[in-house]
Structures are given as structure tokens and as C-alpha cells.
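Chain order of the listed sequences is A and B.
Counting from 1, position 642 in the first sequence corresponds to residue 1091 in my numbering; the numbering is continuous, with no gaps.
Counting from 1, position 163 in the second sequence corresponds to residue 612 in my numbering; the numbering is continuous, with no gaps.
It should be emphasised that the hints constitute simulated quantities derived from the structure, not laboratory data.
Note that the structure is a prediction, hence the values are computed from the model and not measured.
Keep in mind that a hint or two might mislead.
Identical copies carry no separate label here, and so any pair may be met within one copy or between two of them.
[Claimed, not checked] Quick list of in silico lysine-lysine cross-link-like pairs, DSS-like style, CA-CA up to 27 Å:
| no. | residue 1 | residue 2 |
| --- | --- | --- |
| 1 | K479 | K706 |
| 2 | K711 | K479 |
| 3 | K1043 | K863 |
2 protein chains.
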Amino acid sequence: MASTYKRLKQILFGRPLASDRLEHERLSKKTGLAVLSSDNISSVAYATEQTLIVLAVLGTAALSYVVPISGVIVGLVILVALSYRQTIFAYPQGGGSYTVAKDNLGTTYGLIAAASLLTDYILTVSVSISSGIAAITSAYPSLIPHAVSLGLASIVLLMAINLRGVRESGMAFSVPTYVFIVMMLALIVTGVYRGLLGQEAAPTVGPVRIDPVSRAHVGISTPVGFALMFLILRGFAEGCVAITGTEAISNGVGAFKSPSAKNAATTLGWMAAILATFFMGTSYLARHYAVMPTPNETILSQLGHHIFGNGALYLALQYSTFAILVLAANTAFADFPRLSSILSGDRYMPRQFAARGDRLAFSNGIVALAILAMILVWLFHGDTSSLIPLYAIGVFICFTLSQAGMVVHWWRSKDPGWRWRATLNGIGAIATALIFVVQVLTKFTEGAWVVVLIIPSIILLLKKIHKHYESFAAEVKFTGHAPLMFLHHTVVVPVNGITKPVAGALVYATTISEDVRAIFVDVDQGAGARLSAEWSAWDIGVDLVVVPSPYRSVLKPIADYVKKLTDSGDAELVTIVVPEIVPRKWWEHLLHNKTALYIRTAFLFRRNVVVTAVPYHLGHSARLADLMSHDEMLDEEIEAGAGEALLVEAGHK
Amino acid sequence: MASTYKRLKQILFGRPLASDRLEHERLSKKTGLAVLSSDNISSVAYATEQTLIVLAVLGTAALSYVVPISGVIVGLVILVALSYRQTIFAYPQGGGSYTVAKDNLGTTYGLIAAASLLTDYILTVSVSISSGIAAITSAYPSLIPHAVSLGLASIVLLMAINLRGVRESGMAFSVPTYVFIVMMLALIVTGVYRGLLGQEAAPTVGPVRIDPVSRAHVGISTPVGFALMFLILRGFAEGCVAITGTEAISNGVGAFKSPSAKNAATTLGWMAAILATFFMGTSYLARHYAVMPTPNETILSQLGHHIFGNGALYLALQYSTFAILVLAANTAFADFPRLSSILSGDRYMPRQFAARGDRLAFSNGIVALAILAMILVWLFHGDTSSLIPLYAIGVFICFTLSQAGMVVHWWRSKDPGWRWRATLNGIGAIATALIFVVQVLTKFTEGAWVVVLIIPSIILLLKKIHKHYESFAAEVKFTGHAPLMFLHHTVVVPVNGITKPVAGALVYATTISEDVRAIFVDVDQGAGARLSAEWSAWDIGVDLVVVPSPYRSVLKPIADYVKKLTDSGDAELVTIVVPEIVPRKWWEHLLHNKTALYIRTAFLFRRNVVVTAVPYHLGHSARLADLMSHDEMLDEEIEAGAGEALLVEAGHK
């Protein structure tokens, strides 16, 4: 059965890889763009749409705000990318916000960054998968009722791919990214070209379908003054989701081929350029074609219909949108386990997250991420617009901390050009801090409060775990030198009769100590006397102690006996050797009392008491017990041509 | 926490009772009637009703058949009671059908009886509780939607009472039985008296409300000829449910005070007389008042309304009906665990069912019965008429086997009067066998087929369990005499550094063997070399073996090393001593790898390998490890005034 499991595991996840193959798993620039930029680039699938959903109460007037808002966001994209370019060169081993904030601002800021990042990685998976499924259901509306199941299935698939290891997923995922880039370019170029020719202006100028939920939130009347400003700010806050994922490349510098910093910086530049183009293009086209959000079809799908019609090009756009969003989720599958591993190494997360699995992937982190993201998709019914208000908040905390950390870094290092470098990172920090404030203020009641509660909770948890490991390390630290031994080691063997499992336990007991006592708990008056008689006849040199148990408990009399031994000072150390039946079939377990297990549990907290189970394998020849049967065994051993010299008769008899 | 659990357990179930209090828990005749007859007597609450439900398609004509059918059944009640009276004297220790059938007809028939009884005890609980709840919902129709929950809660309560032990439940349950007997007598006497005076004849002779379900089964037209005969036979079969429970007293003879046989026989006579009176009376009154079954009110409740009105007398009838039906379920709570214990003693059921718990009750059997009965109530939505077709079939198998066994018993014993005794039991056997055939034939499609499938399955299961225990007993049987010892016992201690838990494990290892090897699995190249250097400096006389693990597995290199040791013949027996961290709080378990557990599991099936976990208690002074630190410890030991003589420095240094 164990080997069936092993084979199944290998079919699903591939054969184990040796540690020295780690280097070969690294990313080229092209593959790096596919694996690490998808989170960032794919946000064009929902960023414009989220802005429009907020502004929908303005009717078609919304369309006139979307382009300027997008322009401001693109400016921020470039600013943030320039900031992170500096981080890449300063931290060529991979400068995640956690590392940068911890190194430069101290542990607490590092943990704030870590908690924010963990939250956002989970949300990246949930949001990207939900949005990806929306791309599919836009093309096939009959799938809408199955959206949640499809989302959960996609996450399971991603988990399986990532458990196989990073390079293979990089290769498998390169094609769809580049197809998406090509399709988006085709969409934008065709759309803008037609727009410049003046063909196909906004087809309808009448009432536009408006997401009823958004309208209900703000009220029916068109807002003016402060209300309008708030609305535009909220639209801007939602659109800023486009900037998420910019940090992915600087977190993953270490995964690039050498020279990794240079390769990562180039990839970052490409990523920012692509995102800026696509985001501006989408917003421009949405205005040009007067496309407004609807619950059942995405903005990108509507643009696809307007520009490509209903044919193969439209479907290629939708499939590649789905594919790049799956890739975006995959970015989190690379980053979450890596951050968990770093945190685990720093003793802030359970050590199970530290180690790479058979396939060099951080298996536990991958599984944990998948489970948490699936819970979110399930809770929010796979609805992107419900998840978005929670998203991006953590990202901007990290951006701010990371840039602020860089300012300190330059200040301390005094590297050439440190003044303008610090200024650039400083502007980045201020800008992202402002966006964070706008995010929290405008989206607080929409769900942002959840994040505001969760991040501090995670920080407390990380600190609590750290405290445990620290005190553990201090406690187990060994300072002494001279080893000492117990002079008197008593072994107690609970017996229920004269059987082979008992004989096996007695052989083991006499092997590890001179002082062995068999103990029989007499729940049924009379049985003890009978066994005593048999025991004397057996005459193996081990005394049998019969203890009565009027209350029919088996454990308590043994515990009392052992306590008497240790309290009286008769025994410095007591080992309880319990015969344990190991059945052949699972159901046979139900037919045997789990005495060994109960005794282990009962004595787990008793000092200087060790419980040892000596297994007796049903249906196999059990060596330990057979040793007791001298005459038969010795012949067998001699025949086997080995071992007879290893057997001596015990001196008891 | 353990003591909180213990206290809670004592509050719920009382303090443990010593085994020698068993005798005092026995039943007087009055209490015996309350505890053991309730199953039988309480069947008047549904027996007449089930007959009428079947006959309902005949309209009010049904009423003319119910009295003669009941008459025949009462004749059978007396016959079966007389048969069982003989069993009581022949088996004064408690002659359940299983014992009688096994002793006289052989094991297979014994097992058929046992399987039938187990099935019927479960159904007794389900049917009685469902019917009891129907008595309550008849009085309070607003409770109808909660019927299932009320049923489940009643079973849980019964379980708790029975876990407290048998005498207390007998006392607590006596009053309601006698109240029911008084209320039923009052109902019958008042009803018959008025009937004889000619007052209050059938108030409505027009169309009578008919259970739509029964009608649907048979068709709308009034049956004649063969169909009518079949219907009457089915009505008779359903009415025979009144006879169930007759065996309870002869099963429980052993629970009576001395002279137990005589007391039991007297009680059996009273029980039969009471049942016969009540059953005949109910059927007569149903005809007299032309009462027909309805889904929401029981026959007994309708009679109560007719005869007592809506006042206190009516409510007393309903409550006492509920109470005696709960008692009926309680009979099964006495018998099922007792039979399980007997079967367990004969190795046909898991041995966990054999032993009495703290309160002298067979705890496991009680819990198992409660769970199975609750599943049935839940599956059948607490509907008595759906459960009844499954019921009684098993009972009549047992009646037949038990009486047939008694015929053989008399034949063999040739006791005075064996001829007429054998004849009486023979007539009983033939009568009950005929009823069994009628039951299966008339109710087969109504659910009886389920029982026909389940009983053979249970028999197979019992036989399979028996086979396992038999082969287990044969296998572990010990025949040899001279004990032998292992000459060479090697201890392997997996270490991850020089810490107190490791030191503790090493102290234990050197205590139990001369040949101790520490093993370090090197998953991260370089760590091994560092530890080797530290280890040499530590200089404790135990060699450190560093094994590389390029695939990062911790278990496999240890397994390979141990295999090499045993295969080469270097070690006859290997003990792996693993340090095990025992945290203070439950959540701390999540922060430590369960290495000890994994190693135990990995080596469970390896011959001549024993795994011992040496616990290291976080937050407590851990003696084993502290022993390694000579200077500090010795002083402490001397201060403590004891034990210093028990410590010797290991010869290694």
C-alpha cells in the first residue's frame, strides 16, 4: 500500500529531485516575465472594470472620468516600478518587502509587511481565479451557475502543478502569457485604429446598464461636490489594483538566472511598459465604445465582442485572459511559500514551512495557500467585485514599508548617488502611503475593515510563534558536559497471560535491564491466582506482581505501582514495556484493545518514565517471541546458517 | 483538564462502583416488572393501531376484524409466555435465545438467534421512542415538526441513565410503569363499563379518516377473496408486534434477586396477564368507539379523548404512555449490552464489549446501541409505522429457535415431565415459526427484505470476528520454556544538534545498551560537518554518524542505516531512541515536527526493531536531560538528600 501511494505521488508530482538540481530550476528573462509578471499584467482584466463599477452611478458620465483616473494610475505604476528597480540592485538575493522592511526599519515593520503580504498572496489567488472564471463565463453564460466549482477546481490544479516544482510550471505557463500579450495588443491596436478613423463611435448614448448593487450603495441621485469627489477617489482606489504585483519580480530576484539582478530589472521594465500600455488602452477603449459593467459579462469581453465580433479572435482573447489570470494566481504560489519559508527560517512560522519537498517546492506553503484561497472563493461565491475591496490594501502597506526601508538603506549605505536614490524611493513611499490611506477611507465599509482587523491578528500570531521558538531554543540549549547514567533502571511489563506477545516483551525487557517485573492487573477476582500458578510453572526468572483492581480500571493500578517504584527511590528510571499487537488488516485493529496507546498517553507527562511498545506482528514469524521458544528456534537458526552464536540462554534458569 | 473530565464524568454518571457491589444492583419483582416488562406491555400503544392501519382500506369494516385478530394474538401471547416460563427454570442464570439455541441446536443456530436479537434490540429502541414521541405529539400537535429531535434527545437521555448503572435506572423507572398500568386499567374499565351500558356507541358511522399511505399501497377498491385474506394476515402479522418483549424476562433471569428463577417466572406471568388484558381492551374499545388511525394522532390518544375528554386524566394517559415506551427502549439498553458482552466473551464480538465500566454497566454496548437506534430514528423520520414492518421478524426467529432448543433440551435431559414440556415448547416453536413465515411473506415489500438481508450479514460478521480471535489465540499461544536473550543490542539515536532533548535520549540510550550510535541526517550540505566538529568537542563517548540525504528525506537514511545494521548481522536487535518534545499547550504541537511519530510508524512493521520515544517536557525540569549536566545536577541531587548514590558517571570519559 505504501508503494502504491509512492507511485501515485510520483505520477502526480514527478520523481524526487536532488538538492543540487536547485540551480537548474532558475528562470530566464522570458520565463521570468511569464511566471512573475502575470499578477501585475493580468490586473487589466479587472482594474478598469472596478473603477467603472464604482462610477456607474454617474451613468455614461463615468466614462469621461475613467481615462484621466487611469492616467494617474499609470504614472504611479511607473513611479513604483522605478522604486523597485532600485530594490532589485540593492537586494540581489531577493528583496521582498519583509526583508527590506526588517533590515532597515526593524522587526515590527518587517512583520507588518509580512502579514500584509501573506494576506495579499491569498487574495491574489482568490481574485485572479474568480476573475479568470468570469472571463470564461462571459464567453459561455451557461457556465455561470458553476463558477464557484470551476474556481475551486482551478486552484486545486494550480496546487498540483506547483507541487511538481517551479521550472516545469514556468515552461508550461509561458505560451499563454505571450498569447495574452499578443491578443491585448491586437485588441488595442485594432480598437484605437478604428477609433482614430472615427468608425464605430459609441453605439448607444442612451441609458446604460448599470450594476444595481453599486447604485444601491450610493443612492439613485447623481452625486455632486464632495460626494462626487469621494466617488472619484473610490474609483481611483479600486483602479489602483492595477499596481498590485509590481513587487513580485523584486521578491523573486533570487529565482532568476545569473546575472539575476540585471535580468530581473530588465524584466521589471518590460512588465511596467506592458501594463501601462494595456491599462491605458483598455480604459480608452471602454470610453470609446461606451462599455459599462454588467454582472454577467466582463468589460474586456464586451470590448472583445465590439472589436473582434464573436469568432475565434474573441475566444482567443477570453481564453488567454483566463490563462494569464491563472498565471497571476501562480505568482502567489511562488511567493507565498517562499515568504513562509523565510518567515519559518526566522522562526515566525511553523518549521514545517521551511523545508523543500521531494520536488524542491515548498510543499506545505503551497498546500496552505491553496486551502486558504479556496475558502475565500467559496465564502465570496467567486465574485471578483466583492473580493477586490479587501485586496490591494495590504499591497500598499508593503509598498510603503519597502520604499521607506529603501530610503533608510540609501541613507546608511551612502552609495554613489544615494541622495537622488533616497529621494526617488521617498517619493514612492509617500505616494503609496497616500494611496493606502485613500484605500482604507474609501473602501472601509465595503470590506476593507476585515483586512484592517486581520493584518494585526496575523502579526500577533507570528510574534506568538516566534516567542515559542525562542523560549524553546533557550530551554533546550545544552550547556553541561559530563554524561551520567542511571544506576537503577527498572522495567515493568504489563502482562495478560503467557502468550507470544508477552514473551516478546519479556525478551526485550530482560535485554535492556537486569530488574524486570511482570505485572498483572486482576479485574476478575481469581484470575490472578490462576496466572500466578501458571507463571511459577513457567519459571523464567521474572517475578509476577498481581495487583487487584476492584474498580476494573487497567491503567490506574499500573500507574500506582510505577509511582510507588519511583517515589520510594527503588527505581531512578522506569521503562514500561508493553506488547503491542500489529494486525494485518485495518479492521482487525477494532478487535484489539489499544492498551499500548492508552499506557503511552497515561505516562506521557510522568517524569523519568519511558513507555516502549514491542510490536508483535500477527501472521508473521515474530522473532522476539520465538526466541523464548528455545528448542524450535535454535534449530531454525542453525539451519539458517547464521545467528546461532548470537543467542545465549538467559542466566535465569 | 484530565481531572475536569473526571469530575464531569462523575457528575453525569456517578462515582465508580466496586465489582463486589454487583449483587446489590439486582432487581426485585416489582422493579423487574418495571424494567423488563415494559417492552412487552408498552406494545399496546401501537399493536392495535398497526393492525388498523393495514385494514384501513376496508373502511369501518376494519373494525369488525380487529377484535378477532387480537383474540388470536392474545392466545399466542399466553402460549409464548408458558413456553418461556419453562426456559426460566431450565436456565436460571439467564436463558436468552442465543444461549438456548447455541446449547441445544449448535453454534450456527445460536448465531442466527444472536443476530436476530441484536437487530431487534436496536429496533425496539427506535420503535418505542418514535411511538412514545407520537403519544406526546398527539397531545401537543405543535410539537409534530420536532418529533425527530425529541426522539434523538430521548435516546441520549436513556443512554446517560443507563451508563449510571442498572439499579438506579430501575428505581427511577418504576413509578411511570405503574402509573401507565393504572391509567390503562382506568381507560379500559371506564370505556367497557360505558360500552356495556350502551352509552356512547360509535359516534360516526359515515366515512372514516383513513391513512392515505396504506390505501395507496393496496388500491382504492375494497378487497375480497384472496386479497382480503392477505390483508387480514398482514393485519395479524403487524398485530403480532404485541408479543415482542416476552423474552426479556427469561434473558434477564440473572438480574433478579434470589430466588431469581421463581421471581422471574412470577413476573413473567404478571406481564402476560397485563398485556393480554390491555391489548384485548384496546382493540375492543377501538371497535366500540369506531376509532381509525390518522397520521397525527394515535389510537390510544383518540380513545383517551373519547373516554377521558381533554383534561388531566387524558394527559396522564399520554404522559404515562410516553414513559412506558421510554422504559421499553430501556429494556433494550439492558439486554443489548448484556448480549454483546456474552457474545464478546464467546469471541463473536470485539472484546471492548465484554467489560463493565466504572458504574458496572456495559458502557460500550450502551453507547453502540444508542448510536445505532438514533441512526434508525433519523433515517425513518421517527415514523413508527415505517419502522414496524422491520420489527418483530427477528423476534419470531428467536422465539422459534429458543422453543426448538428447549424441545431438544427436554429430550436430552429427560427431566420429570419432559414429554409434556417438550410438547408445549414444540407447539410454541411451530406457532412462532408460522408467524415468522407470515411476517416475511406479508411484509416483504414493506421493508422486511431489509431485515432478511441484514441478519445474515450480521451472522457473517460475527463469524469473521470469531475466526480472527480464534486464529489470534492459536497464534499467540506460547509453548516454549527457556528464555533467550539478545547478545547484541544496538541503539540508534537520531539527533538534530546538541540539545537537552537529545541529551536526554542519549542518557536513556546508554542506560539500555553498551552500543549506542547517534545519527544525523544531513539534508543541507555542510550542516553535518559543523555538527561533527561540535560533537567531537562535546566528547561524550558516543559516536556520531552523519548520513547525507540529497533528496531531503529524514526517514529514509535512518531506515537504510538500520537495515544495514540488521542485515549485516552487526545487530540482532535495534532500538531507535527518539527525543520527543511534549509541549505545554495544544497549539504548540503544531510548531514541532512529529518526528517521533513518523519514525514509530515507519518502523512498525520492521522485525527486531523497537522504537522508543523519550519525552522531553517543555517548561518542566526534565530529569533525563539534566543528568547530562553533571556539575549543576549533582549539587541539586545532594541538596535533595537522595539519589546521589544512584548516579554514576558514564565510563566513556
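Here is how each hint holds up against the structure:
{"no.": "1", "hint": "K479 <-> K706", "result": "within (11 Å within a copy, 91 Å between copies)"}
{"no.": "2", "hint": "K711 <-> K479", "result": "within (13 Å within a copy, 96 Å between copies)"}
{"no.": "3", "hint": "K1043 <-> K863", "result": "neither (68 Å within a copy, 48 Å between copies)"}
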